[in-house]
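Residue numbers (my numbering), protein chains in the order written: chain A, 1 to 386; chain B, 1 to 211.
It should be emphasised that the hints constitute simulated quantities derived from the structure, not laboratory data.
Beta carbons are placed, not taken as given, at the ideal position from N, Cα and C, and that holds for glycine.
Just to be clear, a hint being listed does not mean it is correct.
Claimed, not checked - Between beta-carbon pairs, the in silico distance windows are: (1) B:70 x A:169: 44 to 50 angstroms; (2) B:82 x A:117: 53 to 59 angstroms; (3) B:197 x A:7: 40 to 46 angstroms; (4) B:127 x A:126: 46 to 52 angstroms; (5) A:265 x B:105: 28 to 34 angstroms; (6) B:168 x A:372: 52 to 58 angstroms; (7) A:4 x B:17: 25 to 31 angstroms; (8) A:362 x B:110: 28 to 34 angstroms; (9) B:161 x A:121: 47 to 53 angstroms; (10) B:110 x A:173: 25 to 31 angstroms; (11) B:108 x A:121: 49 to 55 angstroms; (12) B:161 x A:13: 51 to 57 angstroms.
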Amino acid sequence: MAFIKNMLDKMKPTFSEGGKLSAFGSLFDAAETFFYVPSETAKVRGAQIHDAIDSKRSIFFVVIALIPAILFGMWNIGYQHSLAVGCTEECCLLNQFLYGLAVMLPKIVVSYAVGLGIEVAIAQWKKEEVHEGFFVTGMLIPLIVPVNCPLWIIAIATAFAVIFAKEVFGGTGMNIFNPALVTRAFLFFAYPAMMSGDKVWVNAEYMDCINGTVDGYSQATPLGQLAAGEPVSYSAMDTIIGTIPGSIGETSFIAIMIGAVILIWAGIASWKIILSTFAGGALMAFLLRYDGAQNFEWWEQLTVGGFAFGAVFMATDPVTGCRVEAGKWIYGFLIGVMAIIIRVLNPGFPEGMMLAILLMNVFAPLIDYCFVQANINKRLKRAKVK
Amino acid sequence: MSLFSKENGAVFTGPLNLNNPVAVQVLGICSALAVTSQLKPAIVMGLSVTVITAFSNVIISLLRKTIPNRIRIIVQLVVVAALVTIVSNILKAYVYDVSVQLSVYVGLIITNCILMGRLEAFAMQNGPWESFLDGIGNGLGYAFVLVVVGLLRELLGFGSILGFQIIPDSAYMDNGGLYINNGMMTMPAMALILVACFIWVHRAVNKEENK
Numbered sequence: 001m002a003f004i005k006n007m008l009d010k011m012k013p014t015f016s017e018g019g020k021l022s023a024f025g026s027l028f029d030a031a032e033t034f035f036y037v038p039s040e041t042a043k044v045r046g047a048q049i050h051d052a053i054d055s056k057r058s059i060f061f062v063v064i065a066l067i068p069a070i071l072f073g074m075w076n077i078g079y080q081h082s083l084a085v086g087c088t089e090e091c092c093l094l095n096q097f098l099y100g101l102a103v104m105l106p107k108i109v110v111s112y113a114v115g116l117g118i119e120v121a122i123a124q125w126k127k128e129e130v131h132e133g134f135f136v137t138g139m140l141i142p143l144i145v146p147v148n149c150p151l152w153i154i155a156i157a158t159a160f161a162v163i164f165a166k167e168v169f170g171g172t173g174m175n176i177f178n179p180a181l182v183t184r185a186f187l188f189f190a191y192p193a194m195m196s197g198d199k200v201w202v203n204a205e206y207m208d209c210i211n212g213t214v215d216g217y218s219q220a221t222p223l224g225q226l227a228a229g230e231p232v233s234y235s236a237m238d239t240i241i242g243t244i245p246g247s248i249g250e251t252s253f254i255a256i257m258i259g260a261v262i263l264i265w266a267g268i269a270s271w272k273i274i275l276s277t278f279a280g281g282a283l284m285a286f287l288l289r290y291d292g293a294q295n296f297e298w299w300e301q302l303t304v305g306g307f308a309f310g311a312v313f314m315a316t317d318p319v320t321g322c323r324v325e326a327g328k329w330i331y332g333f334l335i336g337v338m339a340i341i342i343r344v345l346n347p348g349f350p351e352g353m354m355l356a357i358l359l360m361n362v363f364a365p366l367i368d369y370c371f372v373q374a375n376i377n378k379r380l381k382r383a384k385v386k
Numbered sequence: 001m002s003l004f005s006k007e008n009g010a011v012f013t014g015p016l017n018l019n020n021p022v023a024v025q026v027l028g029i030c031s032a033l034a035v036t037s038q039l040k041p042a043i044v045m046g047l048s049v050t051v052i053t054a055f056s057n058v059i060i061s062l063l064r065k066t067i068p069n070r071i072r073i074i075v076q077l078v079v080v081a082a083l084v085t086i087v088s089n090i091l092k093a094y095v096y097d098v099s100v101q102l103s104v105y106v107g108l109i110i111t112n113c114i115l116m117g118r119l120e121a122f123a124m125q126n127g128p129w130e131s132f133l134d135g136i137g138n139g140l141g142y143a144f145v146l147v148v149v150g151l152l153r154e155l156l157g158f159g160s161i162l163g164f165q166i167i168p169d170s171a172y173m174d175n176g177g178l179y180i181n182n183g184m185m186t187m188p189a190m191a192l193i194l195v196a197c198f199i200w201v202h203r204a205v206n207k208e209e210n211k
């Protein structure tokens with residue numbers, strides 16, 4: 001490891017102000033802090049605390065928590081493909097995984113390349129350091145799109161979200177909306193044919209690891225079947241394990257819950273938001289179930305579609321979510337309620353999680369404000385009595 | 001004062017660039033979002049607003065000394081409404097399809113803040129010729145933004161310009177290509193973002209003058 005340190009130290013003057021490659025200074029800075037924790041902490045004076053651990057390291061836990069969902073998503077791509085082509089002999093677990101890896105990897109590369117490219121360019125332009133928020137966003141984007149989404153569309157949507165949802169507000173930590181969800185919302189409204197329906201969930205391309213190919217293969221997701229008023233052809237066990245078609249990372253309830261445990265254990269995500277989102281969704285699904293608006297078991301609503309993925313990885317975004325502890329209950333609860341309402345009662349949208357979280361992103365500062373004001377008023381009253 | 005003096009030139013060119021009603025004063029945004037999904041209605045709308053602004057400016061400028069101050073808004077509205085009715089009927093007579101596409105937005109030119117703003121701020125204090133130039137300048141400044149936004153939205157949202165297909169059919173995904181039109185561009189939300197981009201570029205280019 002000393003070798004890397006020496007190399008970075010030797011390269012540093014070239015990239016600093018006035019050096020030959022100062023135009024790539026922020027890129028160097030990003031690489032340096034990626035390998036080594038910066039030694040910079042808060043000055044002795046002042047009331048703030050600035051830990052040496054930067055957001056890059058705390059945020060990386062989210063990527064670690066995503067790993068189960070990523071791995072399962074890759075395997076599920078291959079599994080759905082092998083179901084589609086109907087092959088039996090070479091469809092071992094490894095080949096299905098390799099197939100999924102080959103389909104998935106370009107999406108991850110495109111999402112990171114576009115997003116980080118824009119972030120580095122803007123950081124260099126404003127002479128700031130590169131913010132690390134995109135490490136998570138770049139991983140989330142490939143996980144919330146259908147497997148057949150073309151790469152150039154992902155690139156455009158990522159660029160749109162990074163510029164218009166993040167950088168115009170001032171970069172990481174300043175955004176109102178979750179950039180990954182803005183990416184998905186842009187895709188959803190700009191290219192609806194690529195984001196919903198029954199043609200986009202199963203990749204049927206030919207690749208070496210699994211033989212066979214099919215044309216025009218269509219397979220609906222459970223939510224697609226619900227929206228079309230058809231009986232759902234997947235068992236509850238399928239939806240919990242995740243062997244169903246869907247956006248790449250969202251299918252497996254179990255893999256997402258492993259991620260949730262990691263996030264809560266590491267103290268990154270708020271368990272209050274996750275719990276209250278599920279509570280809100282469960283309540284609403286329960287009411288609509290016995291009101292007769294839907295004939296899908298209420299608890300199954302929580303395991304299909306993007307509900308669990310959104311609750312664990314999107315709603316808990318510390319930047320766009322509520323920051324007041326008591327407000328987190330309301331914030332999460334309303335996301336859950338809204339997601340199920342949109343899903344069941346609005347025929348135009350088979351899935352409501354994305355819109356529910358974006359909507360509550362707007363209201364999060366208002367909830368914070370109300371709780372802070374209530375607290376201020378309470379204390380003022382207490383002060384007057386004396 | 002001569003007809004084409006330097007002051008009159010500034011009255012005309014100001015709203016085209018540094019005092020653009022949409023990009024700088026941020027007026028008339030509502031109609032800019034509503035009519036720009038294609039280029040043709042955007043052009044027609046821009047021209048209609050130009051004509052109405054110019055002539056209502058002239059009429060109000062001629063009447064400015066006789067209008068009682070307390071009812072001036074009503075008088076202005078009557079003049080604008082008369083002109084809007086004329087323009088609306090001309091559109092119905094000669095470009096019926098565009099008139100249908102624009103629907104209520106032609107009538108809503110009455111409420112366009114650019115018009116009322118120019119009448120109040122300029123025509124009430126200046127002579128007819130200056131007011132005419134001011135009206136034409138502001139109308140064209142508005143039309144320019146509409147045309148830019150309409151051009152981008154039609155090109156990216158429908159793949160065509162003025163109804164002519166620009167992006168070849170074979171490039172579309174349905175025909176084995178890769179390309180798909182951006183459906184977001186056909187929605188008013190994207191027009192807002194495009195207008196914002198226009199303002200962004202405009203301010204970046206004119207950084208010095210805006211300070």
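Do the hints match the structure? See the list:
1. Range check, residue 70 (chain B) to residue 169 (chain A): about 46 angstroms between beta-carbon atoms, so the 44 to 50 angstroms window is met.
2. Between residue 82 (chain B) and residue 117 (chain A) the Cβ separation comes to about 56 angstroms, which falls inside the hinted range of 53 to 59 angstroms.
3. The hinted range of 40 to 46 angstroms is satisfied by residue 197 (chain B) and residue 7 (chain A), whose Cβ atoms lie roughly 42 angstroms apart.
4. Roughly 48 angstroms separates the CB atoms of residue 127 (chain B) and residue 126 (chain A), a value that falls within the hinted 46 to 52 angstroms.
5. Separation of residue 265 (chain A) from residue 105 (chain B) is about 57 angstroms and departs from the stated range, judged on CB atoms against 28 to 34 angstroms.
6. The hinted range of 52 to 58 angstroms is satisfied by residue 168 (chain B) and residue 372 (chain A), whose Cβ atoms lie roughly 57 angstroms apart.
7. Hint check: residue 4 (chain A) to residue 17 (chain B), Cβ distance near 53 angstroms, so the stated range 25 to 31 angstroms is violated.
8. Distance hint check for residue 362 (chain A) and residue 110 (chain B): the Cβ-Cβ separation is about 33 angstroms, which falls inside the suggested range of 28 to 34 angstroms.
9. Between residue 161 (chain B) and residue 121 (chain A) the Cβ separation comes to about 30 angstroms, which falls outside the hinted range of 47 to 53 angstroms.
10. Separated by about 45 angstroms at the C-beta atoms, residue 110 (chain B) and residue 173 (chain A) break the suggested range of 25 to 31 angstroms.
11. Between residue 108 (chain B) and residue 121 (chain A), the C-beta spacing of about 41 angstroms breaks the proposed range 49 to 55 angstroms.
12. About 52 angstroms separates the C-beta atoms of residue 161 (chain B) and residue 13 (chain A), a value consistent with the hinted range of 51 to 57 angstroms.
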